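J.: In order, the protein sequences belong to chains Y and X. First residue of the first sequence: 1, per the working numbering; consecutive thereafter. First residue of the second sequence: 278, per the working numbering; consecutive thereafter.
A portion of the hints provided could be inaccurate.
From the structure, some residues in chain X lie toward chain Y, with a derived Cβ separation under 10 Å [unchecked claim]:
1) Leu333
2) Thr335
3) Arg350
4) Thr369
Okay, the calculated beta carbon distance ranges per label pair [said to hold, decoys possible]:
5) X:Ala393 with Y:Asp98: 39 to 47 Å
6) X:Pro320 with Y:Ala97: 24 to 32 Å
7) Y:Ala264 with X:Glu400: 41 to 49 Å
8) Y:His4 with X:Gly360: 32 to 40 Å
9) Y:Leu182 with X:Asn321: 43 to 51 Å
10) X:Ser531 with Y:Arg89: 41 to 49 Å
11) Y:Asp98 with X:His361: 12 to 20 Å
Worth flagging that the hints you see were computed from the coordinates, not collected in a lab. This structure is a prediction, so every number in the text was calculated from the model and none was measured. From the three backbone atoms N, C-alpha and C, an ideal C-beta is built for every residue, glycine too.
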Amino acid sequence: MIGHPQMLAEILAPFQLPFMKTALAAGCATAVVCAVIGVYVVLNRIVFLGAALAQLSAAGIALGFLVGLHTTGLAILLAVAGVLLLSFRPATSRIPADGLLGIVFSVAWAASILMVARSAQGAEELNFLLQGNILTASHGDVRLVSGLLAAIVGLHLLCVKPFVFVSFDPETARTLGVRTRLWTMLLYTSLGATIALTIHVVGILVVFALLVIPPICGLLLGRRLPSVFLVSVMVGLAGVVGGLLLSFHADLPSGPAIVAFLGAIVGIVRVLKRGNA
Amino acid sequence: MRSDPEKTLVEIEGATFGYGRKRILTGVNLRIVRGDFVGLVGPNGVGKTTLVRAILGTLRPMDGRLEYGGGVRPRFGYVPQRGHLDVLYPLTTLDVVLMARLGRGALRRFDAEDRARAGEALEHVGLTDRANTLYRDLSGGLKQRTLIARAIASEPEALVLDEPTEGLDLLSGHAVLKLVQDLQTRHALTVILVSHALDEVAATVRSLILIESDGRMEVGPREEVLTEDHLSRLYGVPIRVGEALGRFVVTPASTEREP
Chain Y
1 MIGHPQMLAE
11 ILAPFQLPFM
21 KTALAAGCAT
31 AVVCAVIGVY
41 VVLNRIVFLG
51 AALAQLSAAG
61 IALGFLVGLH
71 TTGLAILLAV
81 AGVLLLSFRP
91 ATSRIPADGL
101 LGIVFSVAWA
111 ASILMVARSA
121 QGAEELNFLL
131 QGNILTASHG
141 DVRLVSGLLA
151 AIVGLHLLCV
161 KPFVFVSFDP
171 ETARTLGVRT
181 RLWTMLLYTS
191 LGATIALTIH
201 VVGILVVFAL
211 LVIPPICGLL
221 LGRRLPSVFL
231 VSVMVGLAGV
241 VGGLLLSFHA
251 DLPSGPAIVA
261 FLGAIVGIVR
271 VLKRGNA
Chain X
278 MRSDPEKTLV
288 EIEGATFGYG
298 RKRILTGVNL
308 RIVRGDFVGL
318 VGPNGVGKTT
328 LVRAILGTLR
338 PMDGRLEYGG
348 GVRPRFGYVP
358 QRGHLDVLYP
368 LTTLDVVLMA
378 RLGRGALRRF
388 DAEDRARAGE
398 ALEHVGLTDR
408 ANTLYRDLSG
418 GLKQRTLIAR
428 AIASEPEALV
438 LDEPTEGLDL
448 LSGHAVLKLV
458 QDLQTRHALT
468 VILVSHALDE
478 VAATVRSLIL
488 IESDGRMEVG
498 PREEVLTEDH
508 LSRLYGVPIR
518 VGEALGRFVV
528 TPASTEREP
């Protein structure tokens, strides 16, 4: 029985190990920040924008490996450039929004592969970009992601009303004099920065899953916006804790284990909701 | 400004409106007076939304002149097309109405006055008991009332409604128009009602802006604009205009129409 104290202690024992403690701290901070900003990603139906920005950030890291420059700096630079390019395309553009996202996504992906292919540790670096390795997270990573967490959560506590208004009804917001471009830019830039800063800790796969799956659980289980955010954060944390334990006990790679655990949670939530409908 | 600025809400002279380099409406000349009930009518895709954005001040003229009476943009209460709002958002009716108060400062915390104005607005549209109902769970007619309440909560001088009866059944559509008429009378509002449904607009408004398919406009009192000549040109088929049950009735002279 999982409720048995000794068995529970055995299951949680890996978190006594220093590297697992660091991984847990980095993972939980990443989960919270992604779960918060992911609610906007899902509500604004810009999941594919998240994917494209993640791939652009990965291309920035790959470029950093290739030319020997600061990988996180380049990831942020490309993510912010992507935000500007993708969110403020002219209304009269003949390239549809999802078409432009598709171009950016595929070209950035190909560029990442091509850039790391020139490197001596190409395969290893490509695997790192895709899956990350939360188990190798350093105390510096924890500080970085925790700082990001504080900044993003603070920003969203302060700005939740305009963010929701310009996302829900930009035309009316503009009519009332709310600066929709500024708020949208701030929202998307916080998304780009989140992706760029967390991707080198946990990889594209986990970041993308944390941006999408917990908020969807939040929307399925939460009735109002505050409860959607709360459920999203709780599911994100559960995914990281459960995934890390699964990874340790079953000797599986940590990133895919976290995503698999999140997938199981959303599956259970969906079944429960269908049962209650 | 040539017209009496006290009476004028907005005046547009020789203006062109569009997006990027694309011109949607050219040579626009019109004046809307305060307190009027104006219908903006035309076929789909002719530029009604473009003109609305111009009047609201969210789209600047590419050339020509647009000026507000007294030189100050009036406070507009805007009611967007219901279908443009995503029902994925878990917002209550009250949440939606309170958004109107963010026009006074996007970062402000809602105070007692904000809540009082939102409560009054919900009362005006008969939704007090639905304040905590999720917006997405409301019927089409009640969603429309919520959006009208939000517009009222911004304490507007003018109300602009974009296709407010689109997708509503006969009774709900009539109820919404009756509500708008009541609000216009009670608050002495200027109302601009955008619709492609000429019949309902003709029965409700005092003035008309009729945009023809080639972009030409007829502007004036309803009786002057709503002529068989104008409408036949607008729709490209002979149109008859008459009165029944004390209301304007507009109908094609022949019911035959190419599919």
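J.: Next, verify each hint and record whether it holds.
T.: Evaluated hints:
Because the smallest distance between the Cβ of leucine 333 of chain X and any Cβ of chain Y comes to about 5 Å, under 10 Å, the interface hint for this residue holds. For threonine 335 of chain X, the shortest C-beta to C-beta distance to chain Y is roughly 5 Å, which falls under 10 Å, so the interface hint holds. For arginine 350 of chain X, the interface hint holds, since its Cβ comes within 10 Å of a Cβ in chain Y; the closest pair sits about 9 Å apart. Here the hint on threonine 369 of chain X is kept, as its CB sits about 7 Å from the closest CB of chain Y, short of 10 Å.
Remark: the range hint 39 to 47 Å for alanine 393 of chain X to aspartate 98 of chain Y is upheld by a beta-carbon distance near 43 Å. A hinted range of 24 to 32 Å for the beta carbons of proline 320 of chain X and alanine 97 of chain Y is consistent with their spacing of about 27 Å. Hint check: alanine 264 of chain Y to glutamate 400 of chain X, Cβ distance near 48 Å, so the stated range 41 to 49 Å holds. In this structure, histidine 4 of chain Y and glycine 360 of chain X break the distance hint of 32 to 40 Å, their C-beta atoms being roughly 55 Å apart.
For leucine 182 of chain Y paired with asparagine 321 of chain X, a C-beta distance near 32 Å fails the hint of 43 to 51 Å. Between serine 531 of chain X and arginine 89 of chain Y, the C-beta spacing of about 46 Å keeps the proposed range 41 to 49 Å intact. At about 18 Å, the CB distance of aspartate 98 of chain Y to histidine 361 of chain X agrees with the hint of 12 to 20 Å.
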